[in-house]
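Peer 1: Given next are the chains, with one letter for each unit.
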Amino acid sequence: MLITRINRTLKIVFCLLMANVLAISTAFSAVSQSNDESQIESPDIDPNIERREINEFDIDSENIEIGIFAGIISIEDFSSDVTLGARISYHINENMFVEASYAQATAGETSFETLSGGLPFLTQDQRDYTYYDISAAYNINGEVFFTDSWVFNTDFFIIAGAGATEFGGDERFTVNAGAGYRILVTDYLSVRFDVRDYVFNSDIIGAEKSAHNLTFTLSTSFFF
Amino acid sequence: MLYKLKKLYCSLPALVMMLMLCAGSAAKVMADEVDLKVISTFIDVHSGPGSEFPIFHVLSQGEVFTLLKERTAWYKVKTKRNIEGWVKAESLAYTELIDGTKVSVYTGSFEDYLNRTWEITAQGGAIDKVTAMSVSGAWVWTKNLAVEATFSQALGNFADNKVWSVRMRQTFFPEWHLSPYLALGTGEIRTKPRTNLVQSGDAVRKSSHYEVGLGAEYYLAQKVVVRAEYRSLLALTDRDEQERLDQWMLGVTVFF
Numbered sequence: 001m002l003i004t005r006i007n008r009t010l011k012i013v014f015c016l017l018m019a020n021v022l023a024i025s026t027a028f029s030a031v032s033q034s035n036d037e038s039q040i041e042s043p044d045i046d047p048n049i050e051r052r053e054i055n056e057f058d059i060d061s062e063n064i065e066i067g068i069f070a071g072i073i074s075i076e077d078f079s080s081d082v083t084l085g086a087r088i089s090y091h092i093n094e095n096m097f098v099e100a101s102y103a104q105a106t107a108g109e110t111s112f113e114t115l116s117g118g119l120p121f122l123t124q125d126q127r128d129y130t131y132y133d134i135s136a137a138y139n140i141n142g143e144v145f146f147t148d149s150w151v152f153n154t155d156f157f158i159i160a161g162a163g164a165t166e167f168g169g170d171e172r173f174t175v176n177a178g179a180g181y182r183i184l185v186t187d188y189l190s191v192r193f194d195v196r197d198y199v200f201n202s203d204i205i206g207a208e209k210s211a212h213n214l215t216f217t218l219s220t221s222f223f224f
Numbered sequence: 001m002l003y004k005l006k007k008l009y010c011s012l013p014a015l016v017m018m019l020m021l022c023a024g025s026a027a028k029v030m031a032d033e034v035d036l037k038v039i040s041t042f043i044d045v046h047s048g049p050g051s052e053f054p055i056f057h058v059l060s061q062g063e064v065f066t067l068l069k070e071r072t073a074w075y076k077v078k079t080k081r082n083i084e085g086w087v088k089a090e091s092l093a094y095t096e097l098i099d100g101t102k103v104s105v106y107t108g109s110f111e112d113y114l115n116r117t118w119e120i121t122a123q124g125g126a127i128d129k130v131t132a133m134s135v136s137g138a139w140v141w142t143k144n145l146a147v148e149a150t151f152s153q154a155l156g157n158f159a160d161n162k163v164w165s166v167r168m169r170q171t172f173f174p175e176w177h178l179s180p181y182l183a184l185g186t187g188e189i190r191t192k193p194r195t196n197l198v199q200s201g202d203a204v205r206k207s208s209h210y211e212v213g214l215g216a217e218y219y220l221a222q223k224v225v226v227r228a229e230y231r232s233l234l235a236l237t238d239r240d241e242q243e244r245l246d247q248w249m250l251g252v253t254v255f256f
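As they're listed, the protein sequences go chains A and B.
Okay, so the first sequence: first residue is 1 according to the numbering used here, each after it adds one.
Okay, so the second sequence: first residue is 1 according to the numbering used here, each after it adds one.
Bear in mind the hints are in silico, worked out from the structure with no lab data behind them.
Just so you know, these numbers come straight off a predicted model, no measurement behind them.
For every residue, glycine included, the Cβ atom is placed at its ideal position computed from N, Cα and C.
Wrong hints could be hidden among the right ones.
[To be verified] Below are the SDA-like pairs computed for lysine to any residue, each with C-alpha atoms no more than 25 angstroms apart in a straight line: (1) B:K69 with A:I68; (2) B:K69 with A:I66; (3) B:K78 with A:Q124; (4) B:K69 with A:Q124; (5) B:K192 with B:E243; (6) B:K192 with A:Q124.
[Said to hold, decoys possible] Here are some of the chain B residues that sit facing chain A, going by a computed Cβ distance under 7 angstroms: (7) E52; (8) I55; (9) L67; (10) K69; (11) T72; (12) G215; (13) V254.
The shape of chain B in the complex, shown without the other chains (with noise of 0.2 angstroms):
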């Protein structure tokens, strides 16, 4: 049982990025299709959900076809005569619904981006010079404010540390394309001595931290930021001295 236990804490990392995934996937639940009516000379329809997909097929000014569903920013379509193919998401601003009404469409721009609510983010570096990668989800509370659970985990030639963190995130300037922030938080840190070292035991070390992080937000590409940051963490130790750690980061976060 406990082994198992062991085994699943081992996995967490990838386990939180699934169930974070899986958050975001139920906020949409059911399809529903939508007919809408081509309101410009004409709209490319692709075999499939990318530009290099080829042209086979041309929605004509007037006709009116339906939405199926979506993926990556491309809408599957139907005409009115059976034809399926799938259509760029920015192409629908050339349409309007049967009543008249002008649609518009998500598709992680930067405007997309500034109304964000959720972050993920993955990223690797270093804490002390060991390796290392983390996790992290974010709920973007105000344009200026976000609170963030992290996970890290550091794989050195001693030790396995693991760092949970929970904090609060300041964005001073939210419009910027490049976005510093300051973030500040606690959690806690465990150390387990590798099996190698004879002299060290077999006990996990934990203490909890204070963390105080500095970084930077750069607005890439549809639905994708860069992220690099640097963290000083204050180890609350049993020993006479609190432990100093240092620790950078560079990754990618996917906002909804």
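Just chain A, same shape as in the assembly (with noise of 0.2 angstroms):
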């Protein structure tokens, strides 16, 4: 009874907040406009150039690349298996991108399961083992001549970033940290080699400690 008087009594000081916010914002606005409109009205600079942009020309732009990876991922514990996964980056400038990636896997048995034979610590759908993470990369720009006229642009990258692990039947938040090289077979077609250490906290075989969950992923990649 209390709460939902209380509740009620939030959303309209809510509503009253951002309707003020609404006000003053158009306050400030309007301020501004006026300020650009006496700007305009001073005759003193004519600069007379007709500029146009080059967007308007809709040049193709390519900074958006996207690929698919596949690879070996070293589950601390649970021994190794097959990754396949998904990412997509952002070139921001010459030098830097942002990515998303998403990937799965499936855990093995530990060593004291295979030996023992007995009792699994987890069950099949707790073995399955996914994760993602956002990233940011810093290219060091090069090229690589593989004769005199065969020769491709490349970069060297350092990447890491945070995201989510889900295994054990628990998410847990996760680092990486790695290195990659990439080589630009075209303009827009990319194969890049990723080198990434992926590391949270694990209770899953008794006291907390960080599991470290190496990959190396080969993956191909369309700018567009």
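From these two lone chains plus the hints, build me the complex, please.
Peer 2: Rendered as structure tokens:
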């Protein structure tokens, strides 16, 4: 009873605040508009140069890279498995890009489970290992010369980020760091090799510790 | 089915980011080629889209060349003699269209920042001392006002918290390099206890919340803005007391 009343009061207060923000902002934009007008009125400078934005011409802009990757993940205590995933990157400038990736694998058995042949630690569902992250990378641009005329642009990059791993029935905060090498086969097609370490705190097999999960992946991606 | 749905839900921040990036790319559709004429003494042509790549060719005054595509403020060009290379976006200021019209380009400069329409932000920080991360997308409505959708996740030792919110952001001095703002919003908090806590059960607790945010944006470099923020969340719980949460975030914004 009391709670619903508080909720209602809060809602009213909230609506009022929103209305206030709107009122203030309209006032602000009105002020800035009137400033603009006063600037336009001054006739001292008339550059009289017509400029056109390059963007008007719809020049193909290729800053987004979408790719799929495959490789090997070594899941601490639970043997290694094939990992498959997808990622999307946005190239901010010539040296930086950010990316989001999502991948999955299936964890195997611990040595103890294999040797004892007894009780498994996890159910089959809990062995599904999925992880995602948002990371930022710094590119060191270069070129690779296979022959005099067979030359490709490349970059070596260092990358780090954060995300989560769902494994053993729980989702765990996961940080990752690593490096990679990308060869641009054409302007829009690239092949890339990554080595990354995904670290999270795990208490699956007893005392809490940080679990390091190394991945080696090869990916191909398109810029568009 | 449920399990799959759950999995999908878990990867939401990544998916949201992907969708937002896709939306950004969908705005630009087809390539078209444009011919430009050099009006300065010369323009350097690099072998790749970056200042580190060597200059292997020079476009001379009066030469006409074709723009093919753009990547990270670099333009791929083709000369009349079919030499292809990359020129810096800024160099296009020293060119004009064949009809003599001047051209200007989008480089993600501070002026472009002032006229931005979309923002994507990724942040890291803490919600009540638990490590948290968040992604958000904003539509910049006027210079002062933006509408923003945010998703945060805090994975603690005892629970997994997910927070959705929609909010309105008011920037007081949009033309400042370091620009403070106030945000008001509402949304939902979902808390799922960790499976290693036997007593807690497996139920997901949902409660709606209101939030007030105070932060600042700083224009750092080409297309990049750094953003720091404090949010105070008031969760409307079923219990007798309302719950207050403090959230501190620091991250990077990319604008379009």
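Peer 1: So, for every hint listed, does it hold in this structure?
Peer 2: We went through each hint and held it up to the structure:
no., hint, in the structure
1, B:K69 with A:I68, "24 angstroms, holds"
2, B:K69 with A:I66, "18 angstroms, holds"
3, B:K78 with A:Q124, "57 angstroms, violated"
4, B:K69 with A:Q124, "49 angstroms, violated"
5, B:K192 with B:E243, "16 angstroms, holds"
6, B:K192 with A:Q124, "21 angstroms, holds"
7, E52, "5 angstroms, holds"
8, I55, "13 angstroms, violated"
9, L67, "6 angstroms, holds"
10, K69, "4 angstroms, holds"
11, T72, "5 angstroms, holds"
12, G215, "15 angstroms, violated"
13, V254, "6 angstroms, holds"
Checked against the numbered hints given earlier, the structure breaks hints 3, 4, 8 and 12 and satisfies all the rest.
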